[in-house]
Amino acid sequence: MELDNLIEIEPYLPHRKPMLMVDAIVEISAERVVCVFKIEEECVFVQNNQLQEAGLIEHMAQTCSSIMGQTYFENKQTDSSRPIGFISAIKSLTINHLPEVGKLMRTESVLENKFYGDDYTLSTMLVNVVVDNEVIAEGTINLFLQENRNEKI
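Using UniProt numbering, read the sequence shown as starting at 1 and increasing by one per residue.
Fair warning: there could be bad hints in the mix.
[To be verified] Simulated restraints, written as ranges between beta carbons of each label pair:
1. S88 / Q52: 17 to 27 Å
2. E147 / K38: 31 to 41 Å
3. Q146 / N48: 31 to 41 Å
4. F86 / L6: 21 to 31 Å
5. E147 / L104: 28 to 38 Å
6. S88 / E31: 13 to 23 Å
7. E100 / R16: 18 to 28 Å
8. I87 / V135: 19 to 29 Å
9. E41 / Y116: 33 to 43 Å
[What the hints assert, rightly or not] Simulated pairs of lysine-lysine, DSBU-like, Cα-Cα distance not exceeding 35 Å:
10. K114 / K38
11. K91 / K38
12. K17 / K114
13. K91 / K114
14. K91 / K17
15. K103 / K17
16. K38 / K17
17. K103 / K38
It should be emphasised that the hints constitute simulated quantities derived from the structure, not laboratory data.
Here a beta-carbon is modelled for each residue, glycine too, at the ideal position from N, C-alpha and C.
With the hints as constraints, model all of the structure from the sequences given.
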């Protein structure tokens, strides 16, 4: 697996360790992203030497979110003005098996469609996770991103 010229993930996602489930971006465009994540024993989603389902789903969602995050990165928004985002639906999900500690996941996400509202964006993403040249998980995830007005109450 070619891992030259990796792109730092932190500017694209609001997550930080221990919840950051992507190590780096391998390649990114407006409609496709490839990310990598090496499963470490210290990961909060590891149990019995395997990344659990919740961790795998979180990794898939963060990979998908990085496509949306690049717009905010390019506009150089600050942490306080970044959008609020979350999974609005998991339309389909197949997990063939759980990866073990020490394995490197290579995850590809493709933007299927996007809808812009007044202050929010809905997107549907196709995503698959590969470990040792085998697809271990795939699915379709809907993401919701809303403008962060950062209003004080």
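Cross-check of the supplied hints:
1. S88 / Q52: 17 to 27 Å: holds, 22 Å
2. E147 / K38: 31 to 41 Å: holds, 33 Å
3. Q146 / N48: 31 to 41 Å: holds, 37 Å
4. F86 / L6: 21 to 31 Å: Roughly 26 Å apart at Cβ, these two residues keep to the hinted range, so it holds.
5. E147 / L104: 28 to 38 Å: This hint holds: roughly 35 Å between Cβ atoms.
6. S88 / E31: 13 to 23 Å: holds, 19 Å
7. E100 / R16: 18 to 28 Å: For R16 against E100, whose Cβ atoms are near 25 Å apart, the range 18 to 28 Å holds.
8. I87 / V135: 19 to 29 Å: For V135 against I87, whose Cβ atoms are near 20 Å apart, the range 19 to 29 Å holds.
9. E41 / Y116: 33 to 43 Å: holds, 41 Å
10. K114 / K38: holds, 29 Å
11. K91 / K38: holds, 26 Å
12. K17 / K114: Roughly 29 Å between the alpha carbons, so the hint for K17 and K114 holds.
13. K91 / K114: Within the cut-off at roughly 15 Å; holds.
14. K91 / K17: With Cα atoms ~27 Å apart, K91 and K17 stay inside 35 Å; holds.
15. K103 / K17: holds, 18 Å
16. K38 / K17: Since the Cα atoms of K38 and K17 sit roughly 13 Å apart, the hinted pair holds (cutoff 35 Å).
17. K103 / K38: Holds. K103 to K38 sits at ~6 Å (cutoff 35 Å).
When the structure is compared with the earlier hints, no violation turns up for any of them.
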